[in-house]
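Engineer: Here are the chains, one letter per residue:
4 protein chains.
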Amino acid sequence: MSLFYKVNIFLVQLPAPKRGEIVRQIGDALREKLQHLGRLVSLEMGKILAEGIGEVQEVIDMCDYAVGLSRQLNGSIVPSERPDHMMFEVWNPLGVVGVITAFNFPCAVLGWNACIALVCGNCVVWKGAPTTPLVTIAVTKLIAEVLEKNNLPSAIFTSFCGGAEIGEAIAKDTRIPLVSFTGSSKVGSKVQKFVNERFGKCLLELSGNNALIVMDDANIGLAVRSILFAAVGTAGQRCTTCRRLYLHESIYQSVLDQLVGLYKQVKIGDPLEKGTLVGPVHTQASRENFEKGISTIKSQGGKILTGGSVIESDGNFVQPTIVEISSDASVVKEELFGPVLYVMKIKTLEEAIELNNSVPQGLSSSVFTSKPETIFKWIGPHGSDCGIVNVNIPTNGAEIGGAFGGEKATGGGREAGSDSWKQYMRRSTCTINYGSELPLAQGINFG
Amino acid sequence: MSLFYKVNIFLVQLPAPKRGEIVRQIGDALREKLQHLGRLVSLEMGKILAEGIGEVQEVIDMCDYAVGLSRQLNGSIVPSERPDHMMFEVWNPLGVVGVITAFNFPCAVLGWNACIALVCGNCVVWKGAPTTPLVTIAVTKLIAEVLEKNNLPSAIFTSFCGGAEIGEAIAKDTRIPLVSFTGSSKVGSKVQKFVNERFGKCLLELSGNNALIVMDDANIGLAVRSILFAAVGTAGQRCTTCRRLYLHESIYQSVLDQLVGLYKQVKIGDPLEKGTLVGPVHTQASRENFEKGISTIKSQGGKILTGGSVIESDGNFVQPTIVEISSDASVVKEELFGPVLYVMKIKTLEEAIELNNSVPQGLSSSVFTSKPETIFKWIGPHGSDCGIVNVNIPTNGAEIGGAFGGEKATGGGREAGSDSWKQYMRRSTCTINYGSELPLAQGINFG
Amino acid sequence: MSLFYKVNIFLVQLPAPKRGEIVRQIGDALREKLQHLGRLVSLEMGKILAEGIGEVQEVIDMCDYAVGLSRQLNGSIVPSERPDHMMFEVWNPLGVVGVITAFNFPCAVLGWNACIALVCGNCVVWKGAPTTPLVTIAVTKLIAEVLEKNNLPSAIFTSFCGGAEIGEAIAKDTRIPLVSFTGSSKVGSKVQKFVNERFGKCLLELSGNNALIVMDDANIGLAVRSILFAAVGTAGQRCTTCRRLYLHESIYQSVLDQLVGLYKQVKIGDPLEKGTLVGPVHTQASRENFEKGISTIKSQGGKILTGGSVIESDGNFVQPTIVEISSDASVVKEELFGPVLYVMKIKTLEEAIELNNSVPQGLSSSVFTSKPETIFKWIGPHGSDCGIVNVNIPTNGAEIGGAFGGEKATGGGREAGSDSWKQYMRRSTCTINYGSELPLAQGINFG
Amino acid sequence: MSLFYKVNIFLVQLPAPKRGEIVRQIGDALREKLQHLGRLVSLEMGKILAEGIGEVQEVIDMCDYAVGLSRQLNGSIVPSERPDHMMFEVWNPLGVVGVITAFNFPCAVLGWNACIALVCGNCVVWKGAPTTPLVTIAVTKLIAEVLEKNNLPSAIFTSFCGGAEIGEAIAKDTRIPLVSFTGSSKVGSKVQKFVNERFGKCLLELSGNNALIVMDDANIGLAVRSILFAAVGTAGQRCTTCRRLYLHESIYQSVLDQLVGLYKQVKIGDPLEKGTLVGPVHTQASRENFEKGISTIKSQGGKILTGGSVIESDGNFVQPTIVEISSDASVVKEELFGPVLYVMKIKTLEEAIELNNSVPQGLSSSVFTSKPETIFKWIGPHGSDCGIVNVNIPTNGAEIGGAFGGEKATGGGREAGSDSWKQYMRRSTCTINYGSELPLAQGINFG
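Protein chains in written order, with this note's numbering: chain R, 18 to 464; chain B, 18 to 464; chain E, 18 to 464; chain L, 18 to 464.
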């Protein structure tokens, strides 16, 4: 009997609604420290304060949501075809969930996973990003305090500040039935291989390469503001950052002109300072990656309309960049993790959808339109193939009530709302014969 | 645009309830040929006629079920936290589903997959077992006729009679977003690796190693009949065949004596002949595998209580076998695909559950008891870790209304009822802003 | 123990999926007689043949749907806040369902009710309209044959051809826990009073007074064709017939002109004859009612734009009629059961919605628009208050997958799809303590 | 436009998750005053302090639950049978909900209703019991403060301290689409009549007459403790109080002896004092009603085994009473609202179930057994006909995650968990045609 199992018993012995009460208290503990934690996120990750606070608020929202969920982790009673038989679908905890998160959302992604994992009855083993240890430690301490106040072992929620070797250890550990990983498609693919080899389960949130389409019948003002937020927010380091912009030819130049104008006014600087819209990219490596990306872009024929350079200063600041480029350029199919937006021209919705779907990734996507027909085609079988399919809002800004995640190289996992909780549990189809006969399914007679 | 895509358009253009009507007609076509097809299954696979007919009946039941489902592939409307926004969860077809099935259920497993895949709007590419081509061809022809009668291209449902090279081609084909594979954990693991490398999805139904527990308070008569069916039915070649029997020490000898007595009376022979309970194993290779297994069992200290030999005759007949063995023997952790039952003694429910859960596989399991406490523990968080968790019925005999499949090395897929259909579709979280403001989630202000 | 109860035992002893199989056979029996029954409906009720056949097809569709439902009458397993407790929500049959239907859909409404009632495990006591006895008898015989073929007492499905005295007897019979009534609000209200006095349940489908709104941004061609079908189809004798037309002032005259033109071309005559669009009204009383209505309309200032008279001939033929009238006229708030359409002018969506909602009835409603904002406002909290809220389709034409029914004086019942089946069952919240302690909810200690 | 409507706009303009945040704050406000409010409930109603606090805790639990629910008031997207059509099931607020509660749960029942009504977007008009004005005022003030803190009109939640005339005014008010009433079947029936006459909706929680069955195979210790709590708790003034006890003949005398022994030790007195198990009945009228009841019981042949008298003292104290009586006595079919338990002998489960179901009321019921067969029969189609069907726990003690309410003369309403929220909303089936064709359902061609 593993140590994990022994710790998990404490949690499983609590009925789900009691686990919900623990998560409610975690939410209250975070609520009390909202401003402080938000600043810490901003300071350590580099995103602007409003986003730092917004990220913590999202964890709090998840806690509130999970409290309600703790009374709704419902199984089913299914009509049996056999007399004196009951058929149930029962959901039980997995035991332990490994959670590996990335630097760009140092606590929100943990929150999505941990809130649900805990109400489902699972211990959590968390590896935060190696570059955001303070957030990892702060969140862990808050949770530990709540657990202890409730006479529960704080080992129910364990965390690590460390690098790839710890991630690999989690991926390979047979005691961890589920590994939830957020990061690049490349690393995610390796994690998946390790986990599958030991017949574990993965929940993957991998690369995005998110397109935004503006049709000729769109509300242009709404579209322009959305593009700005989607492309330069968090210095282009959201998994849902808009990286590809498809503009209908009839409004192409006009939208582009407005965008370039706005880009030039964006205030770049200290993320904690009021008025700043764009902070630094996360690390020096990110900055170098940006520079390398710009050079590749140029070599593939991309034309820099604005931005395109790093900013010489103390921090890792880079310029929000708009690139006019052919949709055939191979760089357009990749995720460059910074504030670089590729702009391309389209003639029809069909063409736009085909281009939207033409990349390996399948996270988020957005269309701006005022036609019902376009809306319903876009969300239908021949529309966007992404996990997030928006209309008249940016590619980002998911609400916790919906399922968050993407298709194809984005990994297929779903977090937060809807039935995402099912991934954190195991399902049993149970048939109970309470009579004294032995009828077989499909009316088979035997012996 | 791939050929698959072009064919798929015919299906997707049909609204789901119209696809349901196609599947209803397939059900009627099978119903008309129930006896013939049942005989063919029996002849080609080797299972007894009642089981052959039962297998076809299961496909018919699936058709009926899928018709209803075609009006219930429901998405959700989720309350948005933003004014003038609608949030939807929409389900769309994947396009094409690859289905690779095994010899032991040459048509039922196809039925589980194809009925749901079709109403969900997917084309099906089926590879049947290389040793059951007649069933593959017969079923394919029936379906093709229905498609053609409805002016649909029969390419909507394509099948192959072939071996591993075709399976590998399907697994590697980027045009097939989902591959549903039924077979051994070893091969399944390879399929999964191929599919994941191209960021496709798998639905795996792999090895089982199913235990049946008889507690001291059980209805012994019910238990004995169930064990017989579970262990020797289909000559031990069901994925849900009972392979491990845990008997409470107080009833150990008595149950064993009754079982050995029954085993000796089991009629082995022509599966099409009335009264036969056990037909041949499927191929000469199966027969050799049985012999090899018995020899390994002996080398690990297993004591043959009855059976243990192949039967010298024209067909591939082997004796249903009971083995008394230590639960530590490594052979007990593996799936020997034939009518071999390992018997072990237990003292408590806790011990029995720990042994039940101690193997890599997690498909089916059963307890016989008359205590509510035992029932609810068995199906609860510290109970059986299998996908199928039965009480007072054999390890087999799943009904289509429930989800069929197992955990751990069994692969985690779920077929037939419950929300299994979701695996055959892709999910989008859609947020539609129909107002003219741009509120951001989590109350973020930007710019 | 009542006779009903004794008959019901036969049905309840069949597991739900077996009851589904009975309903499947009923569907097949109807399918075989589709043309004949369709003609009979047309002959006896007076609707045109296409509609007669469509009505029978709807019953067949319901049968297919109910078959799938028979494996999905799912209860829930709800997480309990107490250790060693299971909480279930279980659905059980009511026993007997009384179904009282109206002349205008002599078999579809029975089908909605009976298919679901039967798979839920209820006997059915049906009173058809006194003026459509042939359809009642034909349908009853078909169902009886299926029941008998399955060795079930045909008393499971009983029917009456009779009038109000039988309806009253059903409403007052304490052995009938649920009475499903379709008819006028006036009679429905009486039925409800009788049933409630004995603490039975009602499912009411009462009067409609359905409005169709055409906005200035609508597809006018689509709107005009829809209005024609909605207002004159079935000679205006559908519960979902469009009776009120609100036209935006900017397209008012143009739509009206087109409509009046079309009305003049409508072929009135023998409903069984090809090309006929409008048959007779159902009875001489209906014809007189039409005449009386027209006279009231005139007295309240209504201006007849086309039609307005009965047709002198053998049958009960009346002219499809368009009336220009003030929305303040009291006659607009009532349901005149014939092909009379009130036309009124509106300036804004808000005004149109307020008028739509200003009548006592709340069955169906429709808006024609090409603006997403209008669509989502129309279906939202400040939109139409009806049970059926359509966009760019007529007020009628419900699909069986959705729930059919209306609010306010329409009675609040829901039939056909969605979770309508719950009305045909009783719900129990079951908590099972399988441990040996006695923890109380809300953490109360007692004694 | 009514005043209600104008106030309601404030609530409806808040998206549901924001309404959830209001309810979360209400929960926190109550949490802060838990002890005080619990004492007030105890003081004013007369229940013991543990129950008073438990009752307030239940409201807090409901708040937490409703917060989660505010993101899960999900509609559905249903597959349409027509191309280019979307079918939705949408849920919208009703506007205003009238809530009429009884003295015995002066705040819990309000909590069940108000939490759900508010997150669903409805204003609440509450009439508390005329004899518990302090609790009504205290709760109202707490809620008003929260509303005001959030800049919402406190008129969103309005309350009255008053009698039948206010209840009647609510029942007859056409601006209140739903009236939730808790009280006697007699008054409830009148309320229903008033509400139905104006085509409003009712949610009724009326009389209970709850039976507890002890089978010969039961855990007797558990049963006896449960009976004591169920029958004398809250001085027999819960709607779920156990009023009828059916003991298997083989354990009849033994259980009865233990019960009588326990009844004699029950401490009656000041409900706020530690150790008290039974406080006074609510009013002098309750006390007189008890006396009258005892006299009727005696006149019908009931034999008082213990208790049977009022206690001469300052408060309205009465003795917990056990009565041996024939199940034919008419008094057994009625709800005597005090601590009087009728005991009867049964021989079989079938007999016990028939007796359980033989009264007009259908609220709660309980069986004590250790046989799975008995459990599943009890909760099945031929088992208890009540809304609450327990096993091995008392008739009371419902958890908020399940639906609370009963059948037959208990009124059929359901409050708290499961899908009870649907009663607080109106449902629309919406079909949207976003194409340019006009296909009709059931394949009808028209014109």
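Because the hints were derived from the structure by calculation, they are not lab data.
Check before you lean on any hint, since a few could be wrong.
For identical chains, the list gives no copy identity; a pair is met inside one copy or between any two copies.
Dumping the calculated BS3-like pairs for lysine-lysine here, alpha-carbon to alpha-carbon at most 30 Å [to be verified]:
no., residue 1, residue 2
1, K364, K388
2, K281, K362
3, K35, K50
4, K350, K207
5, K309, K281
6, K291, K320
7, K439, K35
8, K439, K207
9, K210, K189
10, K291, K166
11, K203, K439
12, K207, K166
13, K309, K439
14, K23, K350
15, K203, K189
16, K388, K35
17, K309, K362
18, K362, K23
19, K364, K23
20, K291, K35
21, K50, K166
22, K388, K23
23, K210, K439
Engineer: None of the hints should be skipped; say for each whether it holds.
Structural biologist: Each hint tested on the structure:
Taking the closest pair of Cα atoms, K364 and K388 come within 30 Å of each other both inside a single copy (16 Å) and across two copies (22 Å). Taking CA atoms no more than 30 Å apart as the test, K281 paired with K362 passes inside one copy only; the shortest distance there is 22 Å, against 51 Å between copies. In the homo-oligomer, the alpha carbons of K35 and K50 lie at most 30 Å apart both inside one protomer (23 Å) and across protomers (21 Å), since each shortest distance falls under that limit. Proximity of K350 to K207 under the C-alpha cut-off of 30 Å is found in both arrangements, the shortest distances being 20 Å within a copy and 28 Å between copies.
In the homo-oligomer, the alpha carbons of K309 and K281 lie at most 30 Å apart inside one protomer (22 Å), although the nearest pairing across protomers, at 74 Å, exceeds that limit. In the homo-oligomer, the alpha carbons of K291 and K320 never lie at most 30 Å apart, since the shortest distance is 33 Å inside one protomer and 66 Å across protomers. For a Cα distance limit of 30 Å, the shortest separation of K439 from K35 qualifies both inside one copy, at 19 Å, and across copies, at 26 Å. For the identical chains of this complex, K439 and K207 are neighbours both inside a copy (24 Å) and across copies (26 Å), given an alpha-carbon limit of 30 Å.
Within a single copy, K210 and K189 get their C-alpha atoms as close as 9 Å, and across copies as close as 16 Å, so both meet the 30 Å cut-off. For the identical chains of this complex, K291 and K166 are inter-copy neighbours only, at 27 Å across copies versus 37 Å inside a copy, given an alpha-carbon limit of 30 Å. In the homo-oligomer, the alpha carbons of K203 and K439 lie at most 30 Å apart both inside one protomer (26 Å) and across protomers (26 Å), since each shortest distance falls under that limit. For the homomeric pair K207 and K166, neither the shortest alpha-carbon distance inside one copy (39 Å) nor that between copies (47 Å) is at most 30 Å.
Taking the closest pair of Cα atoms, K309 and K439 never come within 30 Å of each other, the shortest separation being 41 Å inside a single copy and 41 Å across copies. In the homo-oligomer, the alpha carbons of K23 and K350 lie at most 30 Å apart only across protomers (24 Å), although the nearest pairing inside one protomer, at 46 Å, exceeds that limit. For a Cα distance limit of 30 Å, the shortest separation of K203 from K189 qualifies both inside one copy, at 17 Å, and across copies, at 18 Å. Taking the shortest Cα distances, K388 and K35 sit within 30 Å of each other only across copies (27 Å), while inside one copy they are farther apart (48 Å).
In the homo-oligomer, the alpha carbons of K309 and K362 lie at most 30 Å apart inside one protomer (25 Å), although the nearest pairing across protomers, at 64 Å, exceeds that limit. Taking the closest pair of Cα atoms, K362 and K23 come within 30 Å of each other only across two copies (26 Å); inside a single copy the shortest separation is 59 Å, beyond that limit. Only between protomers do K364 and K23 lie at most 30 Å apart by alpha-carbon distance; the minimum there is 22 Å, versus 61 Å within a single protomer. In this assembly of identical chains, K291 and K35 lie within 30 Å of each other by CA distance solely across copies; the values are 26 Å between and 41 Å within a copy.
In this homomeric assembly, K50 and K166 come within 30 Å of each other (Cα to Cα) both inside a single copy, at 17 Å, and across copies, at 21 Å. Proximity of K388 to K23 under the C-alpha cut-off of 30 Å is restricted to the inter-copy arrangement: shortest distance 26 Å between copies versus 57 Å within a copy. Taking the shortest Cα distances, K210 and K439 sit within 30 Å of each other both inside one copy (22 Å) and across copies (24 Å).
In summary, the structure is inconsistent with hints 6, 12 and 13 from the numbered list given earlier, while agreeing with the others.
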